[in-house]
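Colleague: Chain by chain, the residues run as shown.
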Amino acid sequence: MGETKKVEFEYSQIDSERMRLNVGPQHPSTHGVLRLEVELDGEIVTEVIPHIGYLHRCFEKHCEKMTYPQVIPYIDRMDYICAMNNEWPYVMGIEKLMGIEVPEKVEYIRVIFAELNRIANHQIAIATFGLDAGAFTPFLYLFRDREFILSIFEKASGGRLLYNYYWVGGLAADVHKEFKEDVLSIVKQVRETNKEIADLLLYNKIFIERVANVGILPADVAISYGCSGPVARGSGLAFDLRKDAPYSIYDRFDFDVVTGHGEVGTVGDCFDRNIVRFHEMEQSCRIIEQAIEQMPMDGDVREKLPKKIRPPKGEIYTKAENPKGELGFYIVSNGTDKPERIKSRGTSFVNLSVLPEISKGYLFADLIMILGSVDIVLGEVDR
Amino acid sequence: MEQQILTLYDWIVKLSSSNLIALIVVITLPLVFLMVYALVAILGELKISAFIQERLGPMRTGPWGIIQPVAEVVKLLQKEDITPDAANKPLFNMAPFLMFTAAYAGFAVIPFSSHFVPAGINLGLFYIFAMGSLAVIGLVMGGWASNNKYSLLGALRSVAQIISYEIPAAIVILTIVVLASSMNLQVINANQGGWFWNWYLFGGPGTAWKLIIIPVTFSMFLLYLVASLAETNRTPFDIPEGESELVAGYHTEYSGMKFAMFFFAEYANMFVVAALISILFFGGWNSPFGDFMNGPIWGVFWFISKSFVFVFVQIWLRWTLPRLRVDQLMGVTWKVMTPIAFICFFAIGLWLMFN
Amino acid sequence: MQAQEIYEKLKAEFGDAIIEFNAEPFFDPFVLVTTDKLFDICLYLRDTQGLEFDYLSCLGGMDYKENLGVVYHLYSIKLKHTFVIKVTVSKENPFVPTVERIWRTADWHEREAYDMMGIQFEGHHNLIRILCPYDWENFPLRKDYVQPDEYHGMKVPY
Amino acid sequence: MKKYINNIWLGIYTVLVGMKITIIHLFAKNVTVQYPNKHPLEKASGDKMPMNARNRIFVDMDLCNGCNGCARACPVNCITVQTLKVVPGDAPPLKNGEKRGLWVPSYTLDFAKCCFCGLCIDPCPTEAIKMTTEFEYSAYDRKDLFYKFSTMTDEEIQQKKELLANFQAEKAKKEAEAKKAADAAKAAEAPKPETGELKIDN
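Residue numbers (the numbering used here), protein chains in the order written: chain X, 1 to 383; chain Y, 1 to 355; chain W, 1 to 158; chain F, 1 to 202.
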């Protein structure tokens, strides 16, 4: 009695309640129908639980009921931002199983279209990343340029978003006559806009403050989580299937693997992931220019094939460097014209799994930026 | 400023021989102005953002889409007015009106010209500042009463933001008050009469020695511009409603007319801060060129065009910049703006002492 | 390193746990291993000098009609070689040890394999459905899967 | 301190650079195409819709020989073809001069399902099915998207059916006679049975 008790006060002893916030499936910046269950301490993220599957379309089950060419339109719809790149590993796998050599011209056109689509994808990635940061204008500048690329695709394949263009043993249709000039003019335009975007968005001080030292992904964690593409390369990992396991004719071109090196912050932060995409667009431009130079304009775009595509009994895992990373298809053939099983290794699916690991301890606004920097497409996550 | 000038109020009193009618006219005129201005500003925002982004903007309503804001207001009026079940209804319903009232009350002291100011009180600057702070209460009410986590986060962010940014803004205003030795906006305006080098942006009226303080006044202008952006929740300081994070921040749950109120309040606030910039730094209703096009009627023109320039600057900035993060926002005000504002204050004080 | 050499190395290390080596044409060369040694084999593949399979490309559940299987596609970022491991388990007792602690990416891949094929990964920290709703019944990618008529009162076949 | 000032300077400078870029764009040419006023098929400039754009499918029934290749190729099963055998000598040849082997009483395409992949174009032997540049065909009712391409009227179908039935009956009779004759002649040749007057594939 009469004793005064000294009250010890520490910040951590404050009885603060944690808030569970449900981000998505309808939210402006979850890039689709991703749902994140976020636990917040004030504004600091303490836990992130992604709930996916809102866009699940049973791709793998569908494949078992369809013939090999019929699968291609479904593959388009996996990662609808870069459908050309998506089709490639699949048709490459079947061509490998059947032992088909596609004509030289086809390889060049495939490379050019894949690289154009890579540019288009990176444009969207940077644009939406800027949009997450609140910069609306660069978004539209990049989308304007993307439309030019889509026009080329439309001229060749007839579709603007879902092409169904890479067919087993060749292409659906030949390119138009002024193809080379059109592509070169696009390359020029892309470079011009990139200069502007660098000034307007990427090297803006506010933007750098937002993305530097945020969502740091060390290289060993990236490998362990199976990250690929710009996410892995942003962590300083020179992992590019075009160089490491050259498929098609990528060994004929001279280009660099861009890696993040902590230009404004730590290696592996959001800025690095984004700047890798930005510089990769330049590398794609280089590849396109070389391909355009070497490409033969005459010749057929389709190899002679049996009427029904029946790969021999076997299994193959083909992978290609998607704009988002390694896209793999595990194709199991049972000798009929329908696949036994197709397992797709969705790039975004794997890249997204790293999100809970790298977003802990940052502010809620950073979580959105980290999610944007991982660049997912929910069509591929959920398949 | 003791000379007898015929103000709008006096003129209407003389005309109608009724104080009440004069009062009503003087009160309603800014409201009418506000409504018309809001429509113009909404259209301006739509069109400027569109042209910056190489779009055309609204084109279907009227020639070049010029009645688009009217259509939007009509749409908002027609919309269902939803009050969430779990919301605190009295607060929820009151918040937008409080916001709008606060924004509109600021108009009471804004001098549109030398002969027209709704209320020429001596504490005009103080009053306008107090009214600006009142908006915070509306924000918190709206955000808290919505019973939505996004709204709550947005409201709390905006309180922290607005209160923090008031400090550099207040110091800058204080500096101007020191320079003008008055808080009456009319006096501050009248002080800057003559050519444009008499504006406080260029150190106010004085001898060539004022060149020394021009960098100080110029940085004060920048400070106030930035602080005013933060106070009106515009990009790059729109974190309370940061659409990519908080969906719509404190007005996530609002719809229909109540949302329109928030919307109007934002645009009204934009004008108030723009007007304040033009009054404090750009001579308000004074013509930039001495007696050329000067006078009570031209005053309205100069004042509104100067204010619109700053409304345009706000829109321009919004469509250029990304958004800051909440802790960086605080860092900017406490670590950068407040110290610099203090330095400016001392510099001006010293200069006045030795002048 | 070629698949044959890797197989020989594994055989020398684990002996009977390596059931079969398949290098037929049209097949990516793979080894079939027993489930009880799977974890050790994976750890060995990751940590041994000269193998260093630090990257799990793909993990897929399979339905071989009589029994289920899991296929692991490995890649080494440093040495740039690939390898495939397979395990098979019976449908009645589909337990496979998890490799989540070896490659963190296996977390979601295994959840997907569980979701689609019903393969139980022993030791997985959070083996719940990932693509299907959490209360979905049966495993859709099995060959004998029958589509339900209703899900919470909603018609499933549209 | 140097870093502090540098940061402030960078902040102001990069904002000004950004503002410079946006103000240039403010006066630049707009790229928006006012769609219904300027149709993408009419516009002469760069992004005109190419002629091989994959939009609504059109089937020329004068060319269709009812081979059902398109329906088999379709990944979403949106094409349904019903065929009817032609009585020899009854049918006019196809537009390209080939012999018509099958009537197509019903050819329906469900555009609500169609995914515009273009896989149905490739297998067509007579190039009857084509993708056109027509893309404005939205409808108020889902049933309106159910396109029927067949030009045959109900009476015609009925007539052809009867004709076929008669022909088959006659043939059957003939065959029966022939069989009888063959039986009588103890020949081993077995007659081919004709089945199914309305063949529904897939």
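You may find that some hints are simply not true.
Below, a list of computed lysine to aspartate or glutamate pairs in the EDC-like style, where the Cα atoms sit at most 16 Å apart [what the hints assert, rightly or not]:
no., chain 1, residue 1, chain 2, residue 2
1, X, K65, W, D144
2, F, K20, X, D199
3, W, K91, W, D54
4, X, K177, X, D298
5, X, K307, F, D122
6, X, K360, X, E101
7, X, K61, W, D47
In short, the hints are calculated from the structure, not lab data.
Colleague: Against the structure, test the hints numbered earlier, and report the numbers of the ones violated in rising order.
Modeller: The structure breaks hints 3, 6 and 7; every other hint is satisfied.
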